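Number of protein chains: 2
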Amino acid sequence: MTLCPAAEIGMLLADVDTPCLILELDAFERNLRRLPESLQGKSIRLRPHAKSHKCPEIALRQIALGAAGVCVQKVSEAAVLIAGGVKDILIANEVVGAPKVKLLAELNRTAHVAVCADNAENISALDTAARAAGVTLDVLVEIDVGAGRCGVQPGAPAVMLAKKITACANLRFAGLQAYQGPAQHIRKVDDRRNAIARAVEHVRLTTRLLAEAGIACEYVTGAGTGSYMFEAASSVYHELQAGSYIFMDADYAKNEWTESGIPQFEHSLFVWTTVMSAPAADRVVVDAGLKASSIDSGMPRVADYPDVNYVKASDEHGVLQITGATRFKVGDKLKLIPGHCDPTANLYDNYVCMRNGRVEALWPIAARGALL
Amino acid sequence: MTLCPAAEIGMLLADVDTPCLILELDAFERNLRRLPESLQGKSIRLRPHAKSHKCPEIALRQIALGAAGVCVQKVSEAAVLIAGGVKDILIANEVVGAPKVKLLAELNRTAHVAVCADNAENISALDTAARAAGVTLDVLVEIDVGAGRCGVQPGAPAVMLAKKITACANLRFAGLQAYQGPAQHIRKVDDRRNAIARAVEHVRLTTRLLAEAGIACEYVTGAGTGSYMFEAASSVYHELQAGSYIFMDADYAKNEWTESGIPQFEHSLFVWTTVMSAPAADRVVVDAGLKASSIDSGMPRVADYPDVNYVKASDEHGVLQITGATRFKVGDKLKLIPGHCDPTANLYDNYVCMRNGRVEALWPIAARGALL
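Protein chains in written order, with this note's numbering: chain L, 1 to 372; chain S, 1 to 372.
Please keep in mind that the hints were generated in silico from the structure rather than gathered at the bench.
It is possible that part of the hints are untrue.
It does not matter which identical chain is meant; a pair holds if it fits inside one copy or across any two.
What the hints assert, rightly or not - Think about it this way: if two alpha-carbon atoms lie no more than 25 angstroms apart in a straight line, the pair counts; the simulated DSS-like pairs of lysine-lysine are:
#1 Lys42 <-> Lys164
#2 Lys102 <-> Lys335
#3 Lys329 <-> Lys102
#4 Lys329 <-> Lys312
#5 Lys333 <-> Lys188
Source: prediction; values computed, not measured.
Isolated chain L, as found in the complex (with noise of 0.2 angstroms):
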């Protein structure tokens, strides 16, 4: 059943029905031009991670500012982006199970859809399906570089999948993913770029032993928004995966970002929401909960009102208590900046784009929900 939608063009945000995904485009497309500029005189490429935003309206405008493509975590996720006119992706994770590594082979006949794979076996997977479909898939090994996810350990276990992928004649040795996820969100500048010192130590470690055993690595990818400039400066990563950027969301926002050269974002990502009921003074509850806003990094901060916090979600509702003069009344409506913008996004089936008050556009959020 299609939902009756929150927003049509040209309405007045005030008239824009809660809770619903607002993007305020100002702040958006200053964000979007704003990570490409800072790379501006590097030679490293952007590749942005649209697990963020899963709308190909988005990733189009990524890539026409010069970014090589888009990153996705999934194989669905994939095949909706080149649905949508995406070209060149980078599944920057392990894509597992026959049927979805017989999709991911087959989206190469149309686009070019890269893959991380960290196991020998799934490696003759792929293989085996890229030849049933008849192209060539490009491989990246992934190396686990301090993060204690997924990949092989760096160095010589990295290289023996890099041997296993250049003996497989349907796959080719594209080079390595070495993203270091939680070192985005870690506070303070100096901390996280220690952090991405040892992953470049990792990196440079398995590129020599690379290079050692005669396989060419065309490049090293990785980073994310809270750590890209150091990745950037390496002078071992070619492409980048920052993701976050162009929406800001509250954890982020907590990230120290004091260094001079590491440019601010802005929050352009806001849940929109209604006061539903006020029943004290200092507490009222607003109709988004956590079915509106994700809370697994933490609550929504309250925009523009800097004497009310969001203490509290349940399924519905969010509670919002009050230190300072401010008072609402039912009805009243206001932003929520997000904890976490990509499992946000996911919950939402449109963004509503702003600009100067006014409804501009209605953007699919083509790939929410696309787990597979």
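With the hints as your guide, set chain S onto chain L.
Chain S alone, transformed into the frame defined by chain L:
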């Protein structure tokens, strides 16, 4: 874009793609019967909360087993369920804002959709919309019985709102909403019983004052899976809103359920997931992260493997720590018990319904994302 489905009817579980949401029908049907059976001999109705499942297929089965109808939290959920054949709905929540109030009134032309209120101006808006739609709208006054969320204070403030409703030409005062949400998750049976005993006192005070004011209070509604036996025994509640009993998530399973007379529910809802990386013998990574299983109420639990714990979720990954002899290889599939069923179901488009190891049906989660 329609995403490729994880499963087809007749498929073996081993062939179902991941991550997807598995509903084990035998356990689900036992849960479905067990709750109404536990109320036999008591003069109390069941009106299960459909916010947990958002699925007309399930709502109709609950009604077929005697439920008076269902509850929802959002007027958009009501619209979806009515389209799916449900005729009697309580929006166990306030509905605020002109478009929603208009839709609510218009839905009453074809179904019975009652609503809660805790604010005089909102009551006026409901009356205006009901008049415009040519309907009479049933309105319950929500009282705060200790949850600290929506609702007016019990006693005189509630009576004042009930009077306001009775004075509106197109509204009918239907009763009291008295839901103690946080009490559902109090671990100890005695503490839960005591929390509901306090709620019952608030209800008793309010119904006494309503009677003294000459206002008939047709029914009192509330309760959840964690506490409903106490509301059922109270003699002041007439309708129970339990919802999670059909699925039984990991958070509810942490409650103590020792008292005789409290029926035990079974886990019937699972996230089916694949081991996508095996970086160490005692640590593997599955393809179900926080976009596949909401972590607002804690991590999912690993079913069937007592020595395996899901210790860390990122957007698309879950890290499993193995404390015993269990060993997984890449490609193995396993079941997770979601930490919290409601927001987890809201991430998926279908329940993959299993019986005897085969897919029996795919039930659309038709109100997924119904936020308005």
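Comparing the hints with the structure gives:
1. With identical chains, the CA atoms of Lys42 and Lys164 are never at most 25 angstroms apart, being 33 angstroms at best within one copy and 68 angstroms at best between copies.
2. Taking CA atoms no more than 25 angstroms apart as the test, Lys102 paired with Lys335 passes between copies only; the shortest distance there is 24 angstroms, against 43 angstroms inside one copy.
3. Within a single copy, Lys329 and Lys102 get their C-alpha atoms only as close as 55 angstroms, which misses the 25 angstroms cut-off; across copies the closest is 20 angstroms, which meets it.
4. Within a single copy, Lys329 and Lys312 get their C-alpha atoms as close as 19 angstroms, which meets the 25 angstroms cut-off; across copies the closest is 40 angstroms, which misses it.
5. In this assembly of identical chains, Lys333 and Lys188 lie within 25 angstroms of each other by CA distance neither inside one copy nor across copies; the values are 34 angstroms within and 39 angstroms between.
Figure legend: structure checked against the earlier numbered hints; hints not met, in rising order: 1 and 5.
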